[in-house]
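J.: 432 is the number that numbering that gives the first Met the number 0 gives to position 433 of the sequence shown; each next residue is one higher, with no gaps.
Don't take every hint at face value.
[As the list claims (entries may be wrong)] Straight-line C-alpha distance at most 25 Å; calculated DSS-like pairs for lysine-lysine:
no., residue 1, residue 2
1, Lys107, Lys264
2, Lys107, Lys71
3, Lys323, Lys425
4, Lys429, Lys264
[What the hints assert, rightly or not] Label pairs and their calculated CB-CB ranges:
no., residue 1, residue 2, range
5, Glu44, Arg291, 23 to 31 Å
6, Glu44, Gly428, 37 to 45 Å
7, Thr213, Cys392, 48 to 56 Å
8, Glu374, Asp95, 33 to 41 Å
9, Glu374, Pro20, 34 to 42 Å
10, Ser202, Glu44, 44 to 52 Å
11, Pro185, Gln411, 51 to 59 Å
12, Glu374, Leu78, 19 to 27 Å
13, Asp95, Gly309, 16 to 24 Å
14, Arg225, Lys107, 18 to 26 Å
15, Ala277, Asp194, 22 to 30 Å
I should point out that these hints are in silico values taken from the structure, not numbers from a laboratory. For every residue, glycine included, the Cβ atom is placed at its ideal position computed from N, Cα and C.
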Amino acid sequence: MHEYAHRRILIVDDEPIVANPTAEILTRRLGCQVTVADCGETALERLAEYPYDVMLTDMLMPGIHGLPLVRKVSSQYPLLRIIVMTAYARDFPYVDVINSGAADFMLKPYQADELVAKIMSQLRIAAMREGAAPLLEQPVAAHAAVAEARTLQRASEERYRRLFEGSMNGMMLMEADTFRIVEVNPAFCTLAGHDHDDLLRRSALDLLDDNARTRIQSIYDNFRQRRQGTLADIHFAAEGNPVVLDISLSFIDAGGEELVLVMAKDVTEQREMHRQLAAIATTDALTGLANRRAFDSRLQSMVRHCSQSGEACTLLFIDIDNFKQCNDTHGHQTGDEMLRQIGRIISEQVRLERDTGFRYGGDEFAVLLGQAGGEIAERVAGRIRTQYLEGECHGTSMSIGIASFTSAMTPQELVEAADAALYRAKSAGKDQIAIA
């Protein structure tokens, strides 16, 4: 039987394409009871019906969502562990999410192992709280338990020292106020790339890159109030050998002196493997552009974001005229090289921060432009078509259909509008641009 079979998890996300696979992963891997709510109001109804251990919530949904939802839920259910997931980290700063009452933060798209690890961490915290509850309700028993624990601790100092020294994960003790390192184990020395004595003269912050230092400082006071916290993807500023860590912080009262026990796990290879697998799963091998699977996911997120923010976005559909005839005449190798060339042209013409190019299928391509209306999209389409025609086309040309998002559109309606514009461009003689 699964260890977590009696635990309840509530997933709050209005996208079935995200919520249902997430529920399936947690049910299969952890065996817990998983419920899905498609909006904040439904989530509040479910929480009123049953006690849940963890709530995993998206930030952009119909009705109540985002930080107001997290604040409301954390206020009404202080023991509930809340994990926020979003594809728009810049819209929801990490420190704001934690200060609103969440316990952790996760970026979309996530990896299954990351999801399971974060949920397990919160379930263990919930179990620890439950175990402490009877002692808190019985002060005399609690006092006796604490006294016994202190006796055992004194009798077992050497054993714990051996555990500390022999741990495969990095372990560090630092002063809570100054971040000065008090003690480290050999595994931590290896991760940091410094010997034991050198580390004892340093501030723990000196070991981090600028981004990691900023993240820890921004959330540190909140962790201190909670007496614990976890952070993923912390980068050590190691020269020539960058290291990515998952760390947990536990605040300890050591005879009137407050110390922090930092546990660090090296996840460098794991993160790189996840990055490569994610790239393979969402990238077209021939052109290097994002693939159809990535298009569907990105389109859903973009339309939802624009619906909430009022920002503009525009979709281009691109089709190579007479491509089949080219393949039949010049061979598939020539056809493949033409597709690769189009991939390079699209990559050169889109803005890395806001736009995405896709191979939609066969000789069809798509470009999703963020924060761009029809005028900008028409200029981008013109540059793509001009650059293509300046090369060796082997008797082909390029037709492009353009559709701009309006607030009443669904993702499917935006696709249909761009597809209809492309059809008009092809029907009017090909080799042209049409606007919906």
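J.: Against each hint, give a clear statement of whether it holds in the structure.
T.: Going through the hints against the structure:
1. Lys107 <-> Lys264: holds (22 Å)
2. Lys107 <-> Lys71: Holds: Lys107 and Lys71 sit about 23 Å apart, inside 25 Å.
3. Lys323 <-> Lys425: holds (15 Å)
4. Lys429 <-> Lys264: violated (57 Å)
5. Glu44 <-> Arg291: 23 to 31 Å: violated (36 Å)
6. Glu44 <-> Gly428: 37 to 45 Å: Distance hint for Glu44, Gly428 is violated at roughly 56 Å.
7. Thr213 <-> Cys392: 48 to 56 Å: With Cβ atoms ~50 Å apart, the hint holds.
8. Glu374 <-> Asp95: 33 to 41 Å: holds (34 Å)
9. Glu374 <-> Pro20: 34 to 42 Å: holds (38 Å)
10. Ser202 <-> Glu44: 44 to 52 Å: The hinted range 44 to 52 Å holds for Ser202 and Glu44, with Cβ atoms some 48 Å apart.
11. Pro185 <-> Gln411: 51 to 59 Å: Given a distance of about 57 Å, which is inside 51 to 59 Å, the answer is holds.
12. Glu374 <-> Leu78: 19 to 27 Å: violated (53 Å)
13. Asp95 <-> Gly309: 16 to 24 Å: holds (21 Å)
14. Arg225 <-> Lys107: 18 to 26 Å: holds (25 Å)
15. Ala277 <-> Asp194: 22 to 30 Å: violated (37 Å)
Violated hints, listed in ascending order, are 4, 5, 6, 12 and 15; each of the other numbered hints is respected by the structure.
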